[in-house]
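There are 2 protein chains.
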Amino acid sequence: MKFFITIVCGIVLSVLIPFAGMSQAVKSDNIIPETNMRGGKYPQILPNHHVVFRIKAPDAKKVQIDLGKKYDMVKEGDGTWTTTTDSISEGFHYYSLIVDGVTVADPASESFYGMSRMASGIEIPFAGGDYYALKNVPHGDIRIKNYYSTITKSWRKVFIYTPPGYDVNTAKKYPVLYILHGGGEDERGWAQQGKTDVILDNLIAQKKAKPMLIVMPDANIGGGGFGEDGLKAFANEMKQNIIPFIEKNYRTLNTSNNRALAGLSMGGINTLYTGVYNTNLFGYLGVFSSGWIAPSQKDLANAQYDYLQKNRAMVEKNLKLLWVSTGMKEDIAYNNCKTMLAKFDELKIKYTYSEYPGGHTWPVWRNNLYNFAPLLFK
Amino acid sequence: MKFFITIVCGIVLSVLIPFAGMSQAVKSDNIIPETNMRGGKYPQILPNHHVVFRIKAPDAKKVQIDLGKKYDMVKEGDGTWTTTTDSISEGFHYYSLIVDGVTVADPASESFYGMSRMASGIEIPFAGGDYYALKNVPHGDIRIKNYYSTITKSWRKVFIYTPPGYDVNTAKKYPVLYILHGGGEDERGWAQQGKTDVILDNLIAQKKAKPMLIVMPDANIGGGGFGEDGLKAFANEMKQNIIPFIEKNYRTLNTSNNRALAGLSMGGINTLYTGVYNTNLFGYLGVFSSGWIAPSQKDLANAQYDYLQKNRAMVEKNLKLLWVSTGMKEDIAYNNCKTMLAKFDELKIKYTYSEYPGGHTWPVWRNNLYNFAPLLFK
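Chains A and B supply the protein sequences, listed in that same order. Heads up, the first sequence is in the numbering used here, so the first residue is 3 and it goes up one at a time. Heads up, the second sequence is in the numbering used here, so the first residue is 3 and it goes up one at a time.
Everything labelled a hint here was simulated from the structure, so no lab data went into it. Just so you know, these numbers come straight off a predicted model, no measurement behind them. Backbone N, C-alpha and C fix where the C-beta goes; we use that ideal spot for every residue, glycine too. One should not assume that every hint holds.
To be verified - Have a look at the derived ranges for each label pair, beta carbon to beta carbon: (1) A/Gly41 to B/Asp132: 36 to 44 Å; (2) A/Lys340 to B/Pro246: 50 to 58 Å; (3) A/Ile153 to B/Lys340: 49 to 57 Å.
Stated by the list, open to error - Some but not every residue of chain A turned toward chain B, in silico, with C-beta under 8 Å: (4) Arg40; (5) Ser113; (6) Pro376.
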């Protein structure tokens, strides 16, 4: 113990100190989001889905909430800052607190890995969100597993959903959906922000989806996901490490018709690169809020269109489903997606297009999973 | 979609923007902690385990790093603030960033639930920390599972470690260690801060510990952990919900000699309350950095000492091990623990006392698990 300082974590003390700015009563028709810290009364959702944020910051000069749109908070006499936002749409949204220009996670909420850092999340209740509500149905497990990558020469994490009954029906083998996060996110995205386990538990209970494994890898590899190096590195990681690891350690059906690959945003680009060039491996592809990026990925896009032109018959034979979706016109990927689909039309590549309002956000992607999973492994 | 605003998450943009204050090269003998955000060059650990923190905050008046001791950061010309800490001891430490008086998580590091909020963590490498290093040995899974509590009438999460081979040896049943987090933490503590899976994988590979399940519940129940209401609520939750759920859904050996209960800090108090009064259920108890708190828990302590005096023979017959540990004199629980042990001596209650330097911190608790697990289920 050569280098040693005593660090008092304040663990015990901190639970005895009421959280700053939380002494107000909650109005009975207001909602405390499930993403709040345990016992925290703010943020608080009004019945019209405007959100009230509060934070104690007597020494700060300027405090803002950033929900894509920035809201200036107003200082009250006791050093508490508050703001009420516009009405916020259903489901999960990232947000940040900005204190005198420094963007951080709000200590009042749970944090989620997104925007390349731990960012705050807020869950807005939604009448139509019943499909991602925890219910009294059989539940699967989310497993966190370490595997060794021969490409990065390091241990990497993968999250895996195993469906209800997996531990009991030990002779049964299952199809596998591999599903990819977006840029600035990682293997936690679909399990946490996406509520993948809850969505699948509910679909399986209603017999709308087949029991399946869902594998959520970390697609950040090869120095970045949007360039060809990153895309190629991930394709190799899937083929050389992830798929073999999963098929060795879990009871899986190992044919292309029992493998699907899908991803959102950057993960959609990975799906195009890893999936379209490997339809011998994947019978089903899902491209959510994505499409080759103009103009930076022009060469990658053209190479793929050439490939499709030359191999249309084989791709068509192999692929049982190419499912493409956006969060409609407010989705930052909308134009790229539509441009790509126009090219698919020109090349007579079959696909299914679906859209759901909400832009480039998790509420849309949860809904994508809810609609995509029932189409798989028929 | 009555209430709707468009939120651009900045996901795509954020991965293209280099992180503030991270343009400096890393000196070859400096260490980038594994807790840094992907690609982040700060915090940076010098060879003598002093830590350099940097953050861009041109508009802030005062910026500090709080590692138990507060370090004032110094502003440089470009609005970057920096500080170099004292030498920091081995392993995992919580820390905070303070921007103009507002305590938040540092966006440069991973966040962990502790101090009743998402707090930053930094992992200091340690020559003796080999026992919690990921190695090429068979690995178990960490599972995240939802169960329904009849006490809270809500779904709650529990983390479960299943050992290597659990999926393959489908006839084998396993003993179970139930292990509890501290105040201001939750079911994630032992899995994330504690590296429970890695520690057990290594112990099992060396045949130092028996393959076992480790169940990590959320002990925050009944309105707070230190009062009798909270302690009683957790004891009931264990008996009525958690143990039955685990034994129904996993292949467990269901006798007291195949059940252990341990906890750190508040979790140690829970262990005393749930464990000492239920030695018919648990053959092994571990009390880490804990002990009845003087004077607030005087009545609870005296009631337990009375119980032990009256039931010494039964408790002694039931308990194969009562293992008590502290982080030595710098541990905030040290005096409470020593007072309790003096009382145990007076009552002729057998226990094993162990200590390890580091105070009231996770490096100590990881080491506790490393030393406690091999003693179980002999």
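Restraint satisfaction for A/Arg40 [CB to CB of chain B, less than 8 Å]: Check passed: Cβ of A/Arg40 comes within 6 Å of chain B, closer than 8 Å.
CB-CB spacing for B/Lys340 and A/Ile153 relative to the 49 to 57 Å hint: For A/Ile153 and B/Lys340 the Cβ distance comes to about 52 Å; the hint holds.
Restraint check, 8 Å cut-off on beta carbons, for A/Pro376 near chain B: 22 Å, violated
Distance restraint evaluation - A/Lys340, B/Pro246, Cβ atoms, bounds 50 to 58 Å: 54 Å, holds
Range agreement (Cβ of B/Asp132 with Cβ of A/Gly41, hint 36 to 44 Å): 39 Å, holds
Hint check, A/Ser113 versus chain B [nearest Cβ-Cβ separation less than 8 Å]: 4 Å, holds
Comparing the model with each earlier hint shows a violation of hint 6 alone; every other hint is respected.
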